[in-house]
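Chemist: Chains as they are written, first to last, in the working numbering: chain A, 1 to 464; chain B, 1 to 101.
Errors might be hidden in some of the hints.
As the list claims (entries may be wrong) - Calculated pairs, DMTMM-like style, for lysine to aspartate or glutamate (alpha carbon to alpha carbon, straight line, at most 20 Å):
hint, chain 1, residue 1, chain 2, residue 2
1, A, 260, B, 27
2, A, 36, B, 92
3, A, 32, B, 2
4, A, 123, B, 27
5, A, 307, A, 379
6, A, 90, B, 92
7, A, 462, A, 297
8, A, 32, A, 297
9, A, 84, B, 96
10, A, 123, B, 10
Quick caveat, the hints were computed from the structure, so don't treat them as lab data.
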Amino acid sequence: MDIQILQYIKSIIYIIASVTFVVGLKMMSNPKSARKGNLYAAGGMTLAILATIFCHEGAVSPVIYVLIVAAIAIGTIIGWLTAKRVQMTKMPELVSMFNGMGGACAALIGLMEFHHNIGDAAKVSTIIAGMIIGSVSFSGSIVAYLKLNGSMKKPLRLPNYNVINTIMLIAVVVFGAWMVMSGTDSSVMLYALFAVALLYGIMFVVPIGGADMPVVISLLNSFTGLAAAFGGFLYDNKVMLTGGILVGSAGTLLTIVMCKAMNRSLFNVIFGAFGESAASGSADDVHGSIKDISTTDVAVLMNYSKKVVIVPGYGLAVAQAQHVIHELEMLLEERGVEVKYAIHPVAGRMPGHMNVLLAESNVDYGKLIEMEEINPEFEQTDVVLVVGANDVVNPAAKSDPSSPIYGMPILEVDRAKHIIVNKRSMNAGYAGIENLLFYNDKTNMFFGDAKKALTDLVAELKTM
Amino acid sequence: MESILAFIAEHELMIYFIILSVFVGIEVIGKVPTVLHTPLMSGANAIHGVVIVGAIIVMLNTEPDNYALLGLGFLAVLLGTLNVVGGFVVTDRMLEMFKKK
Chain A
1 MDIQILQYIK SIIYIIASVT FVVGLKMMSN PKSARKGNLY AAGGMTLAIL
51 ATIFCHEGAV SPVIYVLIVA AIAIGTIIGW LTAKRVQMTK MPELVSMFNG
101 MGGACAALIG LMEFHHNIGD AAKVSTIIAG MIIGSVSFSG SIVAYLKLNG
151 SMKKPLRLPN YNVINTIMLI AVVVFGAWMV MSGTDSSVML YALFAVALLY
201 GIMFVVPIGG ADMPVVISLL NSFTGLAAAF GGFLYDNKVM LTGGILVGSA
251 GTLLTIVMCK AMNRSLFNVI FGAFGESAAS GSADDVHGSI KDISTTDVAV
301 LMNYSKKVVI VPGYGLAVAQ AQHVIHELEM LLEERGVEVK YAIHPVAGRM
351 PGHMNVLLAE SNVDYGKLIE MEEINPEFEQ TDVVLVVGAN DVVNPAAKSD
401 PSSPIYGMPI LEVDRAKHII VNKRSMNAGY AGIENLLFYN DKTNMFFGDA
451 KKALTDLVAE LKTM
Chain B
1 MESILAFIAE HELMIYFIIL SVFVGIEVIG KVPTVLHTPL MSGANAIHGV
51 VIVGAIIVML NTEPDNYALL GLGFLAVLLG TLNVVGGFVV TDRMLEMFKK
101 K
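Next comes chain A alone, as it looks inside the complex (with noise of 0.2 Å):
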């Protein structure tokens, strides 16, 4: 075919996939179409990809076709493959790993287009801040892999962190300003801005604690996007900049919104990390006993209640008692009694993480209640089960300013007349602060892994 068409076709399938990822996204606003959306997006991905490969300009050796063409065919087996496999828990540091391979997809970009464009500063400088993005966006995903998987449990502080960073910071930003302004062609120096942003990445995700890692990997899902979107400007690619503009605004907005959930600024879960605070305000000044129940007096409890709130956290996640969870839901539904779940926005591990848990066992939308509309509804209730949530029920985000959680919107549990706490032990949470809801006379500790726990429950309910 004549070259010329080729390249006619190319534009074309670039806007349609451009218009899929819109469309895509925009259907990925409502539950119903969500999943067509996310096939429309991938879609239209496909058709970029096979354009790019298809209706190339000039000549190509054959031994490249075959080398991309294997590249990608290892890539979507591997992809393929641990997407399917993953557990749901497992999902946030999921995406959190494939963020870092997009990332480091970007940086590579830029080892490679450098040399090919010396002279030009407008696309050197394009390469160069795709690369560091991409490179911080890379190494910083891998550390909040790591510490969602649990590898790196403890946020590591040098002293002074933060100094060091916003010195490393413009350190990165001075030697990448350098490597345009200078003109320099010199690899050693380009390989040593590569482990500089790299080590970046590092620093910039190991002083935050785990508990705001959800934030932090949306922000670096912005970052990706905008490397990616560096790249359509370097190569004047119109795909490329669509979808990395579209993330990068979308990741963004995304990190606000969760960084509001917490009625935190990002400057404050960037630079005022977890920890400082906490020394002062946590586990000495706690006082009272805690009060243990057991199964049989929770079943009867939870019987005799016209209304019960389950507030699900990470804890239903890791044991995976969602499915038992549904059970006892419907169990209590037959005996009349009124069953809600209170969802925070930040419970779990990301965002929605407890409503895609949920969802797997088929508990129903509407049963699901977001924190503004449950909150004044406490009083109504009778028995409120916390199962393995902890930093979002507790009262000192709402009394104790020298909280490091002070100020975090919760779910205001102790509204209730009863509270019956499931954990594992009197361990803290994720954010490693003493809970005073535990504490408090109305609540029940319930203790025992959640799924033993409540398939405990669940048998002693039926037998009444």
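Given chain A, work out where chain B should sit, using these hints.
Modeler: Same frame as chain A, now just chain B:
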């Protein structure tokens, strides 16, 4: 400095395009309910995998005997594919659970 200014002037349309795209991104995402935040983040994550197009372009423009660049390019395409395929499949898995209602 001059070349940067010239670059901006030359790419005037592109810059308009970028600014408008930013607003489209914000507008499109703005109405997503909390329920769908995780799948949305995951879906957006898959979409920025479009960076793979750049990796493919580099590969197509590389001489077949430049092994170092081909090696890097191969890795870049592989990682980009992981981002795209893994991202869309995982999003689909999350959304699949919502459909039975």
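Chemist: Each hint needs a verdict: does it hold in this structure or not?
Modeler: Verification of the supplied hints:
no.: 1; hint: A:260 <-> B:27; result: 18 Å, holds
no.: 2; hint: A:36 <-> B:92; result: 9 Å, holds
no.: 3; hint: A:32 <-> B:2; result: 52 Å, violated
no.: 4; hint: A:123 <-> B:27; result: 30 Å, violated
no.: 5; hint: A:307 <-> A:379; result: 11 Å, holds
no.: 6; hint: A:90 <-> B:92; result: 15 Å, holds
no.: 7; hint: A:462 <-> A:297; result: 14 Å, holds
no.: 8; hint: A:32 <-> A:297; result: 41 Å, violated
no.: 9; hint: A:84 <-> B:96; result: 12 Å, holds
no.: 10; hint: A:123 <-> B:10; result: 13 Å, holds
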